[in-house]
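Top to bottom, those sequences are chains A and B. Going left to right, the first sequence walks through residues 29 to 357 as our numbering numbers them. Going left to right, the second sequence walks through residues 11 to 368 as our numbering numbers them.
Any given hint might turn out to be false.
Unchecked claim - Here are the in silico distance ranges between beta carbons for each label pair: (1) Gly183/A to Lys179/B: 37 to 43 Å; (2) Leu303/A to Arg22/B: 51 to 57 Å; (3) Gly183/A to Asn279/B: 49 to 55 Å; (4) Thr172/A to Arg246/B: 57 to 63 Å; (5) Gly270/A to Val248/B: 43 to 49 Å; (6) Leu96/A to Ala216/B: 56 to 62 Å; (7) Leu117/B to Phe202/A: 52 to 58 Å; (8) Val329/A to Leu56/B: 50 to 56 Å; (9) Leu30/B to Leu103/A: 36 to 42 Å; (10) Thr90/A to Ala34/B: 49 to 55 Å; (11) Lys179/B to Leu179/A: 41 to 47 Å; (12) Leu31/B to Gly224/A: 31 to 37 Å.
The hints are simulated quantities; they were obtained by calculation from the structure and are not laboratory data. A virtual CB, placed ideally from N, CA and C, is assigned to each residue, including glycine.
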Amino acid sequence: MFDFISFIPRAVMQGVPLMLGCTGETITEKSGNLNLGTAGIMYVGGISGVIGAFLYENAAGTEMNPFLTIAIPLLCCIVGSILMGLIYCFLTVTLRANQNVTGLALTTFGVGLGNFFGGSLIKLVKTDIPSVVLTRTSQAFSRTLPFADRLGWFGKIFLSYSFLAYVAIALALFASFVLNRTRTGLELRSVGENPGTADAAGINVVRYKYLTTCIGSVVSGLGGLYYVMDYASGVWSNNAFGDRGWLAIALVIFTIWRPSVSILASILFGGLYILNVYIPTGTNLAIKEIYKMAPYIVTIVVLVISSMQKKRENQPPAALGLSYFREER
Amino acid sequence: MIQISKRGELTRSKALLIRLLAIALGILACALITVITTRQNPLLVLQALVKGSFGSSRRSWIFFQNTAILLCIALAVTPAFKMRCWNLGAEGQVLAGAMATAACMVLMGRAGLSTAVIIPCMVVSSIIAGALWAAIPAFFKARFNTNETLFTLMMNYVATQIVAYFCVKWENPKGSCKIGVINQKTNLGWLPELGNKYILVLAVVALLTLFMYFYLNYTKHGYELTVVGESDNTARYVGIKVNRVIIRTMALSGAICGIAGLLLVGGINHTVATTIAGGQGFTAVMVSWLANFNPLSMILSSGLLVFLETGANELATSCGLNASFGDILTGVLIFFIIGSEFFVNYHVSFRSKKKEDK
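Chain A with its partners taken away, still in its complex shape (with noise of 0.2 Å):
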């Protein structure tokens, strides 16, 4: 029998991830960004709490301030985040800059940027610790309610996780209402769909621009806060974090640009992910590698119906991708 109560959870972990990365990418383009650094993004966002994480660590020695332990790799991972953001969006947004060449590079620092400080951080501090681990903040990050464990199935399935999962989930869900059901989400809508006319509306189109792909950053860079400090363990290992970054922009065209529809979706993803554990194969080993094309070919379908049905509100935002200038309207 297919073991739901321990495989829902795991994808769960495998979800929460991705979801912040699905809900950064699609606040961010939504604004007519499409930011392909998300992947470096998430990189960067890991290894700024990595480093806060370690320095306050190393610093505090045993006495630990259970809150600092929380808000010093959440802060770091925030400021990370924003720089990515800051950069993409000073390329894009004021140099006019092509969006994609901007992303891809961006990608390229930040993965190198991860991984760089992960593999050279005790080097470049001079510590005698042999590897970065976290495992006092990561204690602190995947502290779970403390009565799930009492509640059965139901407390496995629902409440076993740490908070910065529910924090996936709210932020998702207030994405949404902000996107679906305020004046700014409709300004911030027609920045993506037609900046000429936000323009002419009276929009600041450049603030839109700069501040959504920002908080986009900021949420996405959560996500690789979470992978490394719940998930991982607080263990940093270069390359760890794989291809979830591409996986989540894959997610945005998934759930057609909805935030809310990302929280099942990410799980789903985050169990197609992990699934190939969980089939038996026997022997046939190759196989497993089939299994782990699932997310992608899923992926795919999912852009060739919605391309062929042409519903006019699951098609991306139209200005995705462009860069925008008034004189040129």
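Since the structure of chain A is already known, use the hints to place chain B on it.
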């Protein structure tokens, strides 16, 4: 107050000057970062950079070989970009070509065929595999206007998993999940060496560069794809079959990626792994863009990026730092160059704030 206006046509020399200035500034920034993180004498840093690529004759050959492969992939993505079709799937197309080559080598090697039969099969199958891998997204792009950026991106991972599947299936030795060097004893299907083992790759890529230069600038196909890139509607109006151009150009793009895969497996590594393209599909996008889609300038831009990467690796190893340092430097340099395009296209002037401005 700052005023930004669109420039007319800039003279070539002036545009070049701006770009060179940006590269110089970028290298300066890279040097600054390096000196700060490694706390070494800047001259030593420079020495390490040069040593990385040209320290010995073997290193120089490897430098040229790496440049050639990156250049080959960059050439492949160029026609698609000129058509404003963002082929981010070069990685997957290279893998498809590489896998097809490896499959020929393994299966036909087992069947005991001779190299003279295997090599033509490798060439044909790698080109077809690469072209097919690009033509699938192109077909949907042409037919339903499916977003090709994301489609090709996903195809990368499908290709990666297919390669991973065969790596486990044909593992050698057992339990390693790696294919290992194919036909190590018999050398069946290994591409022949011209002089030394590097020259064949360089020669093939040099020919491809010339071919691509003429294809883009002096052929009907090249003209058609440029028109499609400028404006779909214009292209339709003058009677160009846009759908056919899209599929044809993407297939060409994939086919050249397939050749890159062929060279990587048949000529260089003699094995296949999921990491064989090593992210070069993405770097190639930047190479092509940096060269302004001009195949001849791409020789320089790919050389620059490979030089930086190898140099930074050398530097990182000598200081005991992580090898990803090269990626950071590449990123910084590209940020500068991307930024410089703005000053090529727009004119920025400062003037004092006056009443009539309001």
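Now the hints, each set against the structure:
1. Gly183/A to Lys179/B: 37 to 43 Å: holds (42 Å)
2. Leu303/A to Arg22/B: 51 to 57 Å: Because 55 Å falls inside the window, the suggested range holds.
3. Gly183/A to Asn279/B: 49 to 55 Å: For Asn279/B against Gly183/A, whose Cβ atoms are near 51 Å apart, the range 49 to 55 Å holds.
4. Thr172/A to Arg246/B: 57 to 63 Å: holds (59 Å)
5. Gly270/A to Val248/B: 43 to 49 Å: holds (46 Å)
6. Leu96/A to Ala216/B: 56 to 62 Å: holds (59 Å)
7. Leu117/B to Phe202/A: 52 to 58 Å: The hint (52 to 58 Å, Cβ to Cβ) holds, given that Leu117/B and Phe202/A are roughly 55 Å apart.
8. Val329/A to Leu56/B: 50 to 56 Å: holds (51 Å)
9. Leu30/B to Leu103/A: 36 to 42 Å: Hint holds: Cβ distance 40 Å, inside 36 to 42 Å.
10. Thr90/A to Ala34/B: 49 to 55 Å: Because 50 Å falls inside the window, the suggested range holds.
11. Lys179/B to Leu179/A: 41 to 47 Å: holds (44 Å)
12. Leu31/B to Gly224/A: 31 to 37 Å: With a Cβ separation near 33 Å, Leu31/B and Gly224/A satisfy 31 to 37 Å, so the hint holds.
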